[in-house]
Every structure is written in structure tokens, then in C-alpha cells.
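*Asks:* Start counting the sequence shown at 17; every next residue gets the next number (this note's numbering).
Read the hints as simulated data drawn from the structure, not as lab findings. Among the hints, a few may not be true.
[Unchecked claim] As a list, the in silico DSS-like pairs of lysine-lysine whose alpha-carbon atoms are at most 30 Å apart: (1) K122 to K107; (2) K137 to K85; (3) K137 to K107.
[What the hints assert, rightly or not] Across the chosen pairs, the derived CB separations fall in these ranges: (4) A123 to A86: 27 to 33 Å; (5) F23 to M169: 25 to 31 Å; (6) C31 to G150: 21 to 27 Å; (7) P136 to P49: 40 to 46 Å.
Since we're looking at a predicted model, the values are computed, not measured. For glycine and all other residues, C-beta sits at the position ideal for the given N, C-alpha and C.
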Amino acid sequence: MPWIAGFSAEFVDDCLCRHLGRIRRKEIWILDPFAGVGTTLVQGFLHRYNVVGFEINPYAALASRLKLKARGIPIDGLTDHIVAFEAFMNKQCPDGGRSLGEPMSKAPDGFSGRTEFFSPKVQTKVLFALDFIGSIDNPVIRDLFRLALGSVMVSMSNYSYEPASPDVSPLVNLLSTTPLSHM
Numbered sequence: 017m018p019w020i021a022g023f024s025a026e027f028v029d030d031c032l033c034r035h036l037g038r039i040r041r042k043e044i045w046i047l048d049p050f051a052g053v054g055t056t057l058v059q060g061f062l063h064r065y066n067v068v069g070f071e072i073n074p075y076a077a078l079a080s081r082l083k084l085k086a087r088g089i090p091i092d093g094l095t096d097h098i099v100a101f102e103a104f105m106n107k108q109c110p111d112g113g114r115s116l117g118e119p120m121s122k123a124p125d126g127f128s129g130r131t132e133f134f135s136p137k138v139q140t141k142v143l144f145a146l147d148f149i150g151s152i153d154n155p156v157i158r159d160l161f162r163l164a165l166g167s168v169m170v171s172m173s174n175y176s177y178e179p180a181s182p183d184v185s186p187l188v189n190l191l192s193t194t195p196l197s198h199m
């Protein structure tokens with residue numbers, strides 16, 4: 017069974033109904049000191065409880081905050097920005113090819129490691145995406161675009177979760193088949 021962080025929405029709903037169902041909602045505050053992406057906060061909010069949470073991971077905190085603001089997102093405005101983003105990116109990088117200019121956004125100083133996080137072509141596209149995101153006036157829509165970009169950054173990067181080797185399976189096989197007396 018894989019390890020899963022946090023609780024499911026169904027579990028939180030069950031707890032709220034079972035343990036808080038008879039108490040006046042206006043008097044209840046749900047505190048989640050490890051809010052993650054906000055499942056407990058959202059479920060509490062949907063049940064009309066007061067909610068507050070803390071999260072040190074900025075990506076998770078952004079996701080949690082946006083989930084709680086979801087009802088107020090202007091769908092037409094979001095749709096217009098998605099269409100404008102596609103047009104902007106197609107203009108800057110037509111046919112997924114070379115860019116027609118330089119993005120105004122720059123990679124942070126020291127943005128490197130044992131390998132480059134992005135290929136040059138992908139990094140240019142990410143920086144153009146950041147240019148567009150920075151031009152969005154509505155802070156909630158701007159944050160939605162930031163969250164969307166953050167959600168795909170690792171998948172389009174050269175990043176590996178294994179710091180020592182991109183393929184550790186030979187080492188795992190060796191360790192799992194070698195008797196302890198031979199180690």
C-alpha cells in the first residue's frame with residue numbers, strides 16, 4: 017500500500033459530521049497546523065465552519081489558499097486569460113520552436129545544480145510564461161497561473177529525485193540479493 021500524506025475529503029467529512037455535527041457552526045474554528053494543500057480546510061469551509069491553517073511549503077499553501085477562493089474565481093476572466101496565454105506563447109515560441117525574442121523574466125541567480133534544471137529551450141518558455149503571468153492584474157487568476165505552472169515544472173525538467181544516480185535499480189538489486197554476511 018503506498019504511503020499517502022494527509023486525509024481524504026471523505027474521511028474529513030465523516031469526522032466533521034460525527035464529532036462536530038451538533039455544535040453551532042459559528043462557534044467552531046477548525047485549526048489545521050499542517051494544512052498541506054488544504055483538504056481539511058476546504059471540507060470545513062464547505063460545512064460552513066471557520067477555518068485557519070498553516071503551511072510552510074509555499075506551493076501547498078498557494079494551492080490551499082486558491083481552493084478556498086475557488087467559488088469567487090471569475091470564470092469568464094479565467095477563460096479570457098487562458099486564451100490570451102495560448103496566443104502569447106504561440107507568438108513568442110511559434111510551433112514550439114525557437115523563440116522570437118528574449119523573455120523579460122530571468123532565472124534566479126544561482127539557478128543551477130549538478131545538472132541544469134531545464135533545457136535552454138524549456139527554460140525560455142518557462143520565462144515567457146512568467147512574463148505573461150506577471151502581466152495578469154487579477155491576483156487570484158495570476159495565482160492560478162502560478163499554481164498551474166508549478167504543477168508541471170518538475171515533469172518538464174531534467175530533475176531527478178535520486179541525487180546520486182539517475183538509475184539506482186542495480187544498487188537496489190545488489191543490496192537485496194547480497195547476504196548480510198558478505199556485506
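*Asks:* Is K137 close enough to K107, meaning Cα to Cα at most 30 Å?
*Replies:* Between K137 and K107 the Cα gap is close to 15 Å, so the pair holds against 30 Å.
*Asks:* Just to be sure I understand the hint, the distance between the Cβ atoms of A123 and A86 should be within 27 to 33 Å; is that true here?
*Replies:* Cβ of A123 to Cβ of A86: about 31 Å, so the range 27 to 33 Å holds.
*Asks:* If I claimed the Cβ atoms of C31 and G150 lie 21 to 27 Å apart, would that claim hold in this structure?
*Replies:* violated (41 Å)
*Asks:* If you draw a straight line from the CA of K122 to the CA of K107, is it 30 Å or shorter?
*Replies:* holds (19 Å)
*Asks:* Would you check the hint for K137 and K85, treating anything up to 30 Å between C-alpha atoms as holding?
*Replies:* Between K137 and K85 the Cα gap is close to 34 Å, so the pair fails against 30 Å, i.e. violated.
*Asks:* Quick one: are F23 and M169 within 25 to 31 Å, going by C-beta?
*Replies:* holds (26 Å)
*Asks:* Between the beta carbons of P136 and P49, is the distance compatible with 40 to 46 Å?
*Replies:* holds (42 Å)
When each numbered hint is compared with the structure, violations occur for hints 2, 6.
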